[in-house]
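Build the full structure now, drawing on both the sequences and the hints.
Line by line, the protein sequences give chains W and H. Numbered according to this note's numbering, the first sequence spans residues 1 to 251. Numbered according to this note's numbering, the second sequence spans residues 1 to 258.
Heads up, none of these hints are tricks.
Computed list of lysine-lysine pairs in DSBU-like fashion (alpha-carbon distance at most 30 Å, straight line):
| hint | chain 1 | residue 1 | chain 2 | residue 2 |
| --- | --- | --- | --- | --- |
| 1 | H | Lys100 | W | Lys246 |
| 2 | H | Lys110 | W | Lys251 |
| 3 | H | Lys106 | W | Lys246 |
| 4 | W | Lys89 | H | Lys58 |
| 5 | H | Lys119 | H | Lys131 |
| 6 | H | Lys131 | W | Lys164 |
Taking beta-carbon pairs under 7 Å as the criterion, some of the chain H residues facing chain W (in silico):
| hint | residue |
| --- | --- |
| 7 | Met78 |
| 8 | Gly84 |
| 9 | Ile86 |
| 10 | Pro87 |
| 11 | Phe97 |
| 12 | Gly98 |
| 13 | Met101 |
| 14 | Tyr129 |
Treat the hints as calculated values from the structure; they're not laboratory data. Cβ atoms here follow ideal geometry from the backbone N, Cα and C, with glycine treated the same way.
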Amino acid sequence: MHHRFNTQKIITISSPLCLLLLWEIFSQMNILDSRFFPPPTLILQTLWDMAESGELFKHITVSLTRILFGFLLGVIPAICIGLLMGMYKFMKYTFSPIIMIFMPIPTLAMLPIILILFGIGEFSKMVTIAISVFFPVAINTAAGVANIDQIYVDIAKNYQANAKDFFFKIALPGSLPVMLEGIQMGQAIALLTIVAAEMIGATSGIGYLIWMNYKAFLLPEMYVGLILISFFGYFFSLVLRGLERKLLPWK
Amino acid sequence: MSKILLEHLSKRFIRGNRFIDALEDITLSIEEGEFVCLLGPSGCGKTTLLRILANIEKPSTGHVEIQSSPKNRPLQSMIFQESGVIPWLTVEENVAFGLKMRHLPKFYIKERTNQYLKKVGLTKFRRLYPKELSGGMKQRVSIARAFANDPEILLMDEPFAALDEQNKFILQEELLTIWQETRKTVLFITHSIDEALLLSDRILLMSSQPGRIVKDITIDMKRPRTIEKVRSDPVMTDTFLNIWDHLQNEVKQTRSDN
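Laid out in structure tokens, this is it:
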């Protein structure tokens, strides 16, 4: 058992390393066009240089700030509205048609109107992220409440829980697992949105880094941007999974 | 005066465009301290009757009364079927649930919770979540929660139906032990004749849909009872056969009706 676990681990780690190794060899040997696929060692070297010059951290800080505040700006109202929709039929019938209308519109398609309303400053990027995060979180939160097993509602009723106790002891904890799935989805969408938004209307950030270096044909620098996205995507989902373990010890 | 009084109670559900009469003209009275089992084929409305007493459903017609004592007690607490333990609360929090919902003083909640955790033998497991418990342990949590709440009457909805034979016997005897200390009035639903014979002072037999009470059998075998004693007692064997015949007839009748 222990042995098999180790082999699994070795394969998991070595498969991406093998891919990188092949890339390196093919690029060095010019089987892959090294203008489009610069060798990973060169990309790493570029990453190092950009980090040393401080340029990298500027872009990272800008993007992360936008993601963090945009995320909060979307998640907080989404949870509130989702909980209300899950608990009260009236709220559900009020909000769900509105959500149904807006959800299919890609947030990026709304970017022009967002720019008109909020200008080209930081706030419009945060709003863009907030909108894209809002929908999956609100819908999942509502579903989370609605799917709480009827028996727990009966227990609360039988043991005379008042509205406040019902909310904190049953509705909120009971909907948390599905709500967190929505937040996990929202996180992925936030990353997607910020990169695209920064490509269109920004002068800094990871998306800008990718786009500008593509335009200047500095492909190693562009790849650095891609690495950063991949890294932060992985990092965020690790953080959220850790949070999930903390918040749901009963799962 | 009786502890629980039901008069001409009926319940009608609407399913699509037709009516289903779940209960019809139920009149019964249960004395203080009695352990009464409602026994009937599945679908006879016994759970509906219990849910009406638990104030989860309203009767269509008729009158329900649970007599309260001067002490500030909740009217009733229910022991639900197997999934009745709240998964996001620990064993301890589950047992304290009813007391917390009534916002009683902290020290009192603590004391009563400890007392009932001990009675059901779960003190060691108090900090665990239900997912880490066996089916039998979960039902102990449910039992402790209901008794700790100190209600006027206890309602039990087939609490042992999902357990295996061995665990069922163990829990039935544990329940009797706790019940004998408190002498609460209990209304217990089951479809197991053995279970009803072991536990009850009185067995109320129900007909299949619409549910009516068709027989009221008093069990006066002395307590404490054990499953061995119940099985080897000739009077109880007669009663068993009597109920068996009745249930057979009920089930056959429903079949020929359809």
